[in-house]
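**Q** Sequence:
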Amino acid sequence: MRQGPGVSEPEPVSSTTEVEQTFNDLVRTAYPTGRSVALPQGPEPDAGRVPSAVLPGELIYVSAPDGPSGSTPPGSGAEVCVAFGNPSNGWCVPSEDTLGGELEIPIPPDICDNIDIGRICHDIRCYETATTNGGQSFTRTSVQPLLAACGGCDEPSCRSLVDSGICECATDSDCFGDESCDGGVCVAEGVLRFSARWDTTLDVDLYVEDPTGDVLSYSNSFVSSGGELDNDDRSGGPGTIENGVWALTAPAGTYTYWAVNFDGGMAGPVTLSVYRNGQLVNSDVVTLPTESDGESSRFTYTY
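The letter at position 40 of the sequence shown is residue 180 when you use this note's numbering, and the numbering goes up by one with no holes.
Please keep in mind that the hints were generated in silico from the structure rather than gathered at the bench. Among the clues, some could well be false.
Stated by the list, open to error - Pairwise CB distance ranges, derived in the manner of DEER restraints:
| # | residue 1 | residue 2 | range |
| --- | --- | --- | --- |
| 1 | T394 | L420 | 32 to 40 angstroms |
| 2 | T281 | T389 | 24 to 32 angstroms |
| 3 | G404 | S313 | 13 to 21 angstroms |
| 4 | V355 | H262 | 44 to 52 angstroms |
| 5 | T396 | S313 | 30 to 38 angstroms |
| 6 | G258 | G353 | 40 to 48 angstroms |
| 7 | E431 | T389 | 21 to 29 angstroms |
| 8 | E268 | T352 | 28 to 36 angstroms |
Predicted model, so just to flag it, every value in this text is computed and none were measured. Beta carbons are placed, not taken as given, at the ideal position from N, Cα and C, and that holds for glycine.
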């Protein structure tokens, strides 16, 4: 069965769009143990090259020599490969560094700036498919991650397309008075909020050190400066979010925040964000170390 390495040279295809290049760069950052491989081009998958239903876009390939995505056992020596746009942009990751043979890649926040999510949903409802100005193609199935990341839960034309479980809320009015709707999830809001968001079924923990030196975490869910951890999620899964919130007041100064891989194992990308009075002011995507209690890079925000 054909594997990612050593495949034949692909036929010429159209140039990679800016959006696709963003994804190609992101997968290399998320999985640095991978290597560049030119994947074959072809409209139909074969047993060693199957399209991924997890990742949105056009000409996306996942190479799993022992079967379809998700069935390649870690440690088998196989590789999982993906390419966005031109298949020559392929990136192959050792299966032992993947999540059971799958690559999980978040949609970066700035990709939403170039996408009219309302028009995409309209076209899918009317024509079954939608194509962006940048050349990205979506169907009802492949658009789900995009809806979750780019405000589809808040867009009226998208609500009939959203799979159950993606959106707890569509607008702030669906949440309690002191909460806001963040990507389809009701979260506590305040003058200052730090969040960690991930999609894998692992226990990831958010840590925030306030200017007084107190650290907000699952083991210290309240701090004297007014910070509170609104939820300690121990199971994970698509759209999981933990928040550290200063509801009414927050001390001036520098806050340090990071994420910890409590379980150990391949946690996938984690997005760390800061909100001030409900407005996003900073966001970073990190990859956690695979060992138990492995920490991400630490980031700071001055309030």
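**Q** What hints, given by number in increasing order, does this structure fail?
**A** 1, 2, 3, 7, 8
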